[in-house]
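Q: If you want the building blocks of each chain, they are given just below.
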Amino acid sequence: MEILLFGISKEIIGEQILQVPQEARITSVKSLKQWILASYPEMGNLSSFAIAVDQEYATDERLLAENQEIALLPPVSGG
Amino acid sequence: MKQIKLVSQINLPEVYSWLQHPEAGGIDLFIGSVRNHAHGKTVVQLKFEGYEPMAIRQMEEIAAEAMERWPIKKLLMVHVLGNKKVGDPVVVIGTATAHRNDAFEASRYLIDELKNRVPIWKKEYFTDNTVWVNAHP
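Just so you know, the protein sequences line up as chains C and R, in that order. Numbering follows numbering that gives the first Met the number 0, with no gaps: position 33 of the first sequence is 32. Numbering follows numbering that gives the first Met the number 0, with no gaps: position 107 of the second sequence is 106.
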């Protein structure tokens, strides 16, 4: 599973795209968030972060599957 | 009619001319620009990064919500991406309506929701170091 990274999350994780291994057994947005926080504890210092699936904000209950475009969104700061 | 886009540079005369409409008695234009100070430090420059396709989708959604709530003749949302200097315009919100109150209210809604939801990130470069805005509590 590939996760697109933006803003400060690229600096914390040190990649442009995060590769999540199969053995992480990610099935939902919630389990992805938990895996990210366990793998990169510094992400816990952010006030929050969101996951987008196919370019829409996704709730924690949203199930993840192959062929989705998944992105990690740190707190936005446009405008 | 609406215009939503991400650009490298905002052209204000072009924005104003696009917003004009014969039935509009009021055009409200909000321009957000780069401040020279933040967090008590001097800002040298800024960089905006966006998740472009999702940013456009979010802006389209917000615009559709506003057009349902207010009788808008023309609506414009333009945000820059890339490097910007102090004083540069970075976001423009424009609404043209028959009466001014709708234009004020709709523009306020559009900029507030853009700041809440649109996946764009501002990185501030200070004289001493750099920081991603809003990342920390």
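The hints are simulated quantities; they were obtained by calculation from the structure and are not laboratory data. All C-beta atoms, glycine included, are put in the ideal place defined by N, C-alpha and C. Be a bit skeptical, because a hint or two may be false.
[Claimed, not checked] Partial chain R-side listing against chain C, Cβ under 10 Å, derived:
no., residue
1, A23
2, Q57
3, R68
4, K114
5, R116
6, V117
7, W131
Q: Taking the hints in turn, state whether each one holds.
A: To see whether the hints hold, each was checked on the structure:
About 24 Å separates the beta-carbon of R/A23 from the nearest beta-carbon of chain C, more than 10 Å, and the hint is not met. At about 8 Å, the closest approach between the beta carbon of R/Q57 and any beta carbon in chain C falls short of 10 Å, and the interface hint on this residue holds. For R/R68, the shortest C-beta to C-beta distance to chain C is roughly 20 Å, which exceeds 10 Å, and the interface hint is violated. Restraint check, R/K114 versus chain C: the minimum CB separation of about 4 Å is within 10 Å; hint holds.
The interface hint given for R/R116 holds, since its Cβ lies 7 Å from the closest Cβ of chain C, which is under the 10 Å cut-off. Interface restraint check: R/V117 against chain C, minimum CB-CB distance 5 Å, threshold 10 Å, status holds. For R/W131, the shortest C-beta to C-beta distance to chain C is roughly 4 Å, which falls under 10 Å, so the interface hint holds.
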